[in-house]
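As given, the protein sequences belong to chains A and B, one line each in that order.
Note that the first sequence covers residues 0 to 420 in numbering that gives the first Met the number 0.
Note that the second sequence covers residues 0 to 106 in numbering that gives the first Met the number 0.
Among the hints, a few may not be true.
What the hints assert, rightly or not - Label pairs and their in silico Cβ distance ranges: (1) B:E18 x A:A399: 45 to 55 Å; (2) A:P66 x B:G10: 42 to 52 Å; (3) B:A92 x A:S58: 22 to 32 Å; (4) B:Q59 x A:D400: 17 to 27 Å; (5) B:D9 x A:Q3: 25 to 35 Å; (6) A:G96 x B:P62: 20 to 30 Å; (7) A:T53 x B:E18: 40 to 50 Å; (8) B:G10 x A:A88: 26 to 36 Å; (9) A:A412 x B:P62: 25 to 35 Å.
Since the hints were derived computationally from the structure, they do not count as laboratory data.
Remember, predicted model here, so these are calculated numbers, not experimental data.
The beta-carbon is built from N, C-alpha and C at its ideal position, and this holds for glycine as well.
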Amino acid sequence: MGSQAPIVIVGAGQAGVQIAESLRQQGYDGGLLLVGEEPHPPYQRPPLSKKWLTEPGASQALSLRGPEALSRRRIELRLDTRVLAIDRAGSRLQLAGGEELRYGQLALATGARPRTLSLPGAQLEGVLALRTIGDSLRIGAAIRRCAAEQRPLVVIGGGFIGLEVAAGARKLGAEVTVLEGLPRLMSRVAAPIVSEAFERVHRAHGVNLVLGAQVAELVGHEGRVQAVRCADGREFPAGAVVVGIGVAADDALAAAAGLACERGIVVDECARSSDPAIVAAGDCSARRLADGRLLRLESVHNAVEQGQSAAAALMGHERPFRSTPWFWSDQYDVKLQMVGLSHGFDQVVTRGDLERPAFSAFYFRAGRLLAVDSLSRVQDHMKSKRLLDAGLSPTPAQAADANFDLQSVLQQARPATADGA
Amino acid sequence: MPQVTYIEPDGHRVTLGVEIGTSVMRGAMDAGVSGIEALCGGNCACATCHCYVDGAWLEQLPPPAVDERLMLENVAAERRSTSRLSCQLTVTAALDGLIVQFPDRQS
Numbered sequence: 000m001g002s003q004a005p006i007v008i009v010g011a012g013q014a015g016v017q018i019a020e021s022l023r024q025q026g027y028d029g030g031l032l033l034v035g036e037e038p039h040p041p042y043q044r045p046p047l048s049k050k051w052l053t054e055p056g057a058s059q060a061l062s063l064r065g066p067e068a069l070s071r072r073r074i075e076l077r078l079d080t081r082v083l084a085i086d087r088a089g090s091r092l093q094l095a096g097g098e099e100l101r102y103g104q105l106a107l108a109t110g111a112r113p114r115t116l117s118l119p120g121a122q123l124e125g126v127l128a129l130r131t132i133g134d135s136l137r138i139g140a141a142i143r144r145c146a147a148e149q150r151p152l153v154v155i156g157g158g159f160i161g162l163e164v165a166a167g168a169r170k171l172g173a174e175v176t177v178l179e180g181l182p183r184l185m186s187r188v189a190a191p192i193v194s195e196a197f198e199r200v201h202r203a204h205g206v207n208l209v210l211g212a213q214v215a216e217l218v219g220h221e222g223r224v225q226a227v228r229c230a231d232g233r234e235f236p237a238g239a240v241v242v243g244i245g246v247a248a249d250d251a252l253a254a255a256a257g258l259a260c261e262r263g264i265v266v267d268e269c270a271r272s273s274d275p276a277i278v279a280a281g282d283c284s285a286r287r288l289a290d291g292r293l294l295r296l297e298s299v300h301n302a303v304e305q306g307q308s309a310a311a312a313l314m315g316h317e318r319p320f321r322s323t324p325w326f327w328s329d330q331y332d333v334k335l336q337m338v339g340l341s342h343g344f345d346q347v348v349t350r351g352d353l354e355r356p357a358f359s360a361f362y363f364r365a366g367r368l369l370a371v372d373s374l375s376r377v378q379d380h381m382k383s384k385r386l387l388d389a390g391l392s393p394t395p396a397q398a399a400d401a402n403f404d405l406q407s408v409l410q411q412a413r414p415a416t417a418d419g420a
Numbered sequence: 000m001p002q003v004t005y006i007e008p009d010g011h012r013v014t015l016g017v018e019i020g021t022s023v024m025r026g027a028m029d030a031g032v033s034g035i036e037a038l039c040g041g042n043c044a045c046a047t048c049h050c051y052v053d054g055a056w057l058e059q060l061p062p063p064a065v066d067e068r069l070m071l072e073n074v075a076a077e078r079r080s081t082s083r084l085s086c087q088l089t090v091t092a093a094l095d096g097l098i099v100q101f102p103d104r105q106s
């Protein structure tokens, strides 16, 4: 690589770790520094709203990679370090505290921050959002206090985070109210039939689910939240409030350095920013698709896929985004697994039992499979993922027929091999 | 601490002490063993911690639960009778000496 200064990766989450590891896998032998703003070594965020919320353990249990794993790959980790500015001309980072850090090449994996409510009372004590280990611990404690004091937890937002927190709070015995502004749950990502299934599940578990709720104000007493008031005058008592209304890409550093940003750091299919010498990956990025649209995904898979591309780009190679995006969510005993992007679908068919629920929803556009949401249908998810990765599609009728083996589409598409059953 | 031997896809062997009660996956991730991705972090949701259990040890393990069995049917690498998801294997004293091998691909 020629340069003395290390490759510096700003952000020590899923994407940052992936860039570092992929660089080593691809043979990069120079210095490699991973800079994290949080005090914790790299950790997984998905459990923070799931199992870890109700059963927090040692933070080590969340670890993405142990210290040994990083040192084995000669990845230097610098935590508790905030980067204030990027000096592109001087190839330097300005750190909080005045120190400067030289880089040979730069990768940004700065993640995202929870969106906040801009409403009266949003700053009251007891109004919480979830992103970090500390947030998860605070929300877990607030839920336990709600349960003990028999005050409801109010969740604002019926998306993944809000619904997972609601499920966790029910598990811990707290009363829960979920306020969703739109007429159905998870409307940004799921078809109505999937939303409806989750509405039934949450109601069956005793959640007070309010759809179409326009939150107007958080009402407090002595600085502490007491209730959430809606525009129509309804008021919901609250021991604590969790705001789960999405995240915004953390692109401030990149924007200030003059990189193109639009709802995130704009990158191409190979994770290169508008300055081809700087790459970005994960939640902080917005990927420009071939048709010009910008795609923002917030997921482990996206962080890993883009992280691999970013590492390749730093090595001077082109490695476009390749595998089909996937996501998962745990709510009560329902395991939701999603693969593909359903945007633009014109037909949905289902297989399985809608009531239990244990079914999959297959999204088609002009007869081609776009995406599949599986609720406690692990086998459908795994097979659909392979189909989508291979660019194959069952017909809607085949997808809807529970007796039709999805795998046979794969097998027909390639010459029979001794692949086993 | 029970010792677990991980065989990486290129045949390199790594033997580690893994604490009782943690998963075989966790041990590998903490130490940076190659050949495992474990993207979902142990939720049995992604099948990227697929391993082959050394034959003699297979019967020492509790059989896979339904979800694991269904996930295993569609792993990216070759499915063998010894295939397991390492996130679902909890290390016990009885598993001291366990040997698992990671396949050539996880996704």
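Outcome of the hint check:
Separation of E18 of chain B from A399 of chain A is about 47 Å and conforms to the stated range, judged on CB atoms against 45 to 55 Å. Taking the beta carbon of each, P66 of chain A and G10 of chain B are about 26 Å apart, not inside 42 to 52 Å as hinted. One distance hint, 22 to 32 Å for the beta-carbon pair A92 of chain B and S58 of chain A, holds here, with the actual separation near 26 Å. For Q59 of chain B and D400 of chain A, the hinted distance range of 17 to 27 Å is not satisfied, since their beta carbons lie about 40 Å from each other.
The supplied range of 25 to 35 Å is met by D9 of chain B and Q3 of chain A, whose beta-carbon atoms lie about 31 Å from each other. Evaluation of the 20 to 30 Å hint for G96 of chain A and P62 of chain B yields a failure: the beta carbon distance comes to about 55 Å. Remark: the range hint 40 to 50 Å for T53 of chain A to E18 of chain B is contradicted by a beta-carbon distance near 22 Å. Between G10 of chain B and A88 of chain A the C-beta distance comes to about 47 Å, which lies outside the given range of 26 to 36 Å.
A hinted range of 25 to 35 Å for the beta carbons of A412 of chain A and P62 of chain B is consistent with their spacing of about 32 Å.
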